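Those sequence lines, one after another, are chains A and B. Taking UniProt numbering, the leading residue of the first sequence gets 1, the next gets one more, and so forth. Taking UniProt numbering, the leading residue of the second sequence gets 1, the next gets one more, and so forth.
It is worth saying that the hints were derived from the structure and are not from the lab. All values derive from a computational prediction rather than experimental measurement. Possibly wrong hints are sitting among the right ones.
Covered, in the sense of this in silico footprint (three residues per stretch, anywhere, with C-beta under 8 Å from a C-beta of chain B), are these stretches of chain A [unchecked claim]: (1) 16-26; (2) 151-162; (3) 284-294.
SDA-like mimics (lysine to any residue), calculated; alpha carbons at most 20 Å apart, straight line [what the hints assert, rightly or not]: (4) 7/A to 117/B; (5) 179/A to 262/A; (6) 7/A to 115/B; (7) 52/B to 65/B; (8) 7/A to 122/B; (9) 7/A to 120/B; (10) 7/A to 126/B; (11) 7/A to 116/B; (12) 7/A to 129/B; (13) 7/A to 124/B; (14) 7/A to 121/B.
No residue lacks a Cβ here, since even glycine has one placed at the ideal position from N, Cα and C.
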Amino acid sequence: MTAYLLKRLAIAVATLVLASMVVFAVLEIIPGDPARLMLGMNASAEQVELLRNQMGLNTPLALRYLHWASGLLSLDFGRSYTYSVPVIDLVRERVVVSLPLALIALALSTLIAIPVGLFSAGRRGRAGDTIAMGAAQLGVAVPNFWFALMLIYLFAVWLRLVPSGGFPGWSVGVWPALKALVLPAIALALPQAAILARVTRSALIEVLNEDYIRTARAKGLPYRAVLWRHALRNAMIPVLTILGLQFAFLLAGTIIIENVFYLPGLGRLVFQAITQRDLIVVESVVMLLVAAVIIVNLLVDLSYAIVDPRLRSRQ
Amino acid sequence: MTLRFDLPEENLAGILAKAFRNRSFLAGFVITALVAAVALLSYVWTPDDVTKLVIADKTLGPSPANWFGTDHFGRDILSMIMVGARNSIAVALVAVGIGMGIGVPLGAFAAVRGGLIDEALMRLNDLVFAFPALLSAIMITAIFGPGAINAIIAIGIFNIPVFARVARAGALAIWPREFILAARAAGKGKMLITLEHVLPNIVTLLLVQGTIQFALGILAEAGLSYVGLGTQPPMPSWGRMLFDAQTRMVVAPWMAIFPGMAIVITVLGLNLLGDGIADILDPRSRRQR
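Same shape as in the complex, but just chain A (with noise of 0.2 Å):
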């Protein structure tokens, strides 16, 4: 268990370790002087120098990369060029939209996708299963920014019900805030719960067949008792798994989502800094995304040894 678990942790650390790597670089192959970029057409060629000495771009690469990465430790991503204020800054004022966006997309489609899974697998073959894989198959093809634009024009241009875009803020109350991320979760989850829906009832359809099922069966408990208790819990695995998967998908929606419906998060800061090549801030974002993805993977691995008790004992 414990050498599962370390293992598990230096992987992650040695993946995060080398993305930061190629973040770095590829920050270092763009052409063009962040210095020379910062000052803008005029500056001359002694000041673009001092500059340069003052963002500590004159010392070695190596050197650079360590100052950049124990920064990222402590959160100091640097000074976005075109704002001019700490990046940290701009990330914490987006990441409050992003975040909760991100988390209620992912909690709304793991409630619609195990029932329906639940329900699927338990009527195998039958018209309801039938009807439920169909809409999950169409769900799968589905653009989640292609349902947000129909969510829009249903929801709020016709019926008027909700917001078509833009974000409030915390500070007017968690109701309107809440009221402006209810489309943009929809958008999000559904696409993601057709996926996780049809995981869920392969899943339970492999563990069904076992013999510890017949047997369960056998010995006189009901169906839905067999389904819930036996079957369910070992079919989490793969289940986990596809979440932990869809994380990073989820993470990637958010930021096109986000420009669908004008809210101001990490997606919008970013598309922001590519504009204005503001790259720090592309870099940071991008960085804080990846270490989101790794660190959601570490857990999922974690949480299968919560799942299966087998992992628990071997060693």
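Based on the hints, put chain B in the right spot on chain A.
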């Protein structure tokens, strides 16, 4: 002497007969063929010229003249969807090609060598998996600027670990088999065995994964073009059409509805096709239905 007796017991005719009884395969095949036909047709004929801008005809609703209406430049949306299909298919296909071309040899190699090299390759996989296609696209566009080629590279890079994993897992399952042992006893090298016996036996796995990644590639290209990082105008692309539609939802909802449906139908067709192939060639999944 070749020892290729591990392919499915049925002959080709048997597999085809099975394929035509499989509803998922049939529906997927018909839809995918239709989409491909439409894309090919667009090279010789479209209802209207997609480079012709007639501002007087802008945002017209669907009519006998313009089945799916016109966009904000007066271009025929049906024609744009037809030409856009080429772009979607090309980007996704090349991205799958990159993923397979690099991922499969890597995965097969990892399976042969095992040990440290295997471990190192799989950790490299973890690294790429940490960058979803959109994130790598963001980085690539930040350096090289937006465009279809960079979108292909971004989606392709993301496909590499997917195929590496599938190829490795498939190869690892084949290596302990008796016919491999026979081939080794016959004095064949590991390279030759991989080429002649392992790869033919994991082709179906790769095919199924290929259709899945193809479908994901179409979704990813649409997403990238939608946020302006993919295909650039004036080349019509489904994602870009949706971006143009967004601010005109109130006056011209058809600008959003039809390109989106094109994406859904294409992706649905590919997914059904993939499910169908998996069903036909994998007896286990058939039993579960």
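Index of numbered hints that the structure contradicts, given in increasing order: none
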